[in-house]
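Chemist: Single-letter residue listing:
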Amino acid sequence: MARVIVVTSGKGGVGKTTTSASISTGLALRGYKTAVIDFDVGLRNLDLIMGCERRVVYDLINVVNGEANLHQALIKDKHCENLFILPASQTRDKDALTEEGVEKVLKELGHMGFDYVICDSPAGIERGAVMALTFADEAIVVSNPEVSSVRDSDRILGILQSKSRRAMEGREPVKEHLLVTRYSPKRVEDGEMLSYKDVQELLRVPLIGVIPESDDVLQASNQGTPAIHLKDSDVATAYQDVIARFLDEDRPLRFVTYEKPGLLKRLFGGK
Amino acid sequence: MSLLSYFFGTKQKTASVAKERLSLIIAHERGTNRAPDFLPELQRELIAVISKYVNVGPDDIKVQLEKQDNCEILEVNITLPEQPQR
Chain A
1 MARVIVVTSG KGGVGKTTTS ASISTGLALR GYKTAVIDFD VGLRNLDLIM
51 GCERRVVYDL INVVNGEANL HQALIKDKHC ENLFILPASQ TRDKDALTEE
101 GVEKVLKELG HMGFDYVICD SPAGIERGAV MALTFADEAI VVSNPEVSSV
151 RDSDRILGIL QSKSRRAMEG REPVKEHLLV TRYSPKRVED GEMLSYKDVQ
201 ELLRVPLIGV IPESDDVLQA SNQGTPAIHL KDSDVATAYQ DVIARFLDED
251 RPLRFVTYEK PGLLKRLFGG K
Chain B
1 MSLLSYFFGT KQKTASVAKE RLSLIIAHER GTNRAPDFLP ELQRELIAVI
51 SKYVNVGPDD IKVQLEKQDN CEILEVNITL PEQPQR
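Residue numbers (the working numbering), protein chains in the order written: chain A, 1 to 271; chain B, 1 to 86.
Heads up, some of the hints might be wrong.
With a Cα cut of at most 20 Å, we get these calculated EDC-like pairs of lysine to aspartate or glutamate [unchecked claim]: (1) A:K33 to A:D234; (2) B:K13 to A:D234; (3) A:K78 to A:E103; (4) A:K175 to A:D115; (5) A:K107 to A:E146; (6) A:K33 to A:E146; (7) A:K260 to A:E189; (8) A:K175 to B:E20; (9) B:K13 to A:E192; (10) B:K13 to A:D115; (11) A:K33 to A:E99; (12) B:K13 to A:D95; (13) A:K107 to A:D137; (14) B:K13 to A:E201; (15) A:K11 to B:E72; (16) A:K197 to B:E20; (17) A:K11 to A:E176; (18) A:K186 to A:D250; (19) A:K163 to B:E29; (20) A:K265 to A:D190; (21) A:K260 to A:E176; (22) A:K186 to A:E169; (23) A:K163 to B:E72; (24) B:K13 to A:E81.
Covered by chain B, per the in silico footprint, the following chain A stretches (three or more residues, Cβ under 8 Å) [to be verified]: (25) 152-162; (26) 189-198.
No lab work stands behind these hints, which were simulated from the structure alone.
The C-beta atom is built at its ideal place from N, Cα and C for all residues, glycine as well.
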């Protein structure tokens, strides 16, 4: 059985799809056969971020309904040999997702020799989000250092701890990881933004990484290239560190401290 | 932020306000949203059993689930009347 990882957050726009794209790419680059599934039925987006939008023929719902098989629906990534994308349907609604259907797809991916399956959850706590986390072995909870995002992350953690299969069957709980994204060390220094330590203290989930706020993320999505591929980018390095920590390698946190300007600048330059 | 308040630190930083607000609301919501489904049922059944022997009302039994790190504590608080009836 492939290891199932859900990327979730509750709130929208915090970086779930960006993270799913980079995490799946990172694992594939490390040699693991990886599939990434878009669970946002009705609002497909992962295909654009991965740059395979023009190659979509079949989708997750087609496979669930038996209208296509997995071999037909999986799209091979243009950059990585071991990476495959299963897009969401645009025409159906979220009710088309059934627990049995999703389970069948995940099992079959396991039989096909996949090591990891990344489930890119939609925002919210409705059916699509619950389906994405139901079969998870591990969860990457993406949170911005901002009040509504942190609160929604806590809600989704509650759902993970009650509605996932592991929780329902009383097995070992889903392994949770906190990923803080859109982080601005300067604003934290100025007391304008929650620090990653604050977020971690509030949510009480082990931290797997901090992704700095960066223009590079938009540049990456413009081109349909996962951010982890960008050259000389802090975001790419931060995601590579996340992959290393996920694989139990020791990596110190980077991009979390702000270099203070000199005394003169602080006196006369304001902030 | 003005130069004066920079030196005297008169204004509370918004990040600490955010943290304070969040810790309150999260603690509250964890209490209400994460209570297992069986708690009200357990409370009803406990009342039924205990009231066979002691005269207690529905408000005399409090069932609470607390979580401390990795440890969950089920707290059942029964207030007995001053003169128990047989």
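Chemist: Taking each numbered hint in turn, which are not upheld by the structure, reported in ascending numerical order?
Modeler: Numbers 1, 2, 3, 5, 6, 8, 10, 11, 12, 15, 18, 21, 22, 24, in rising order.
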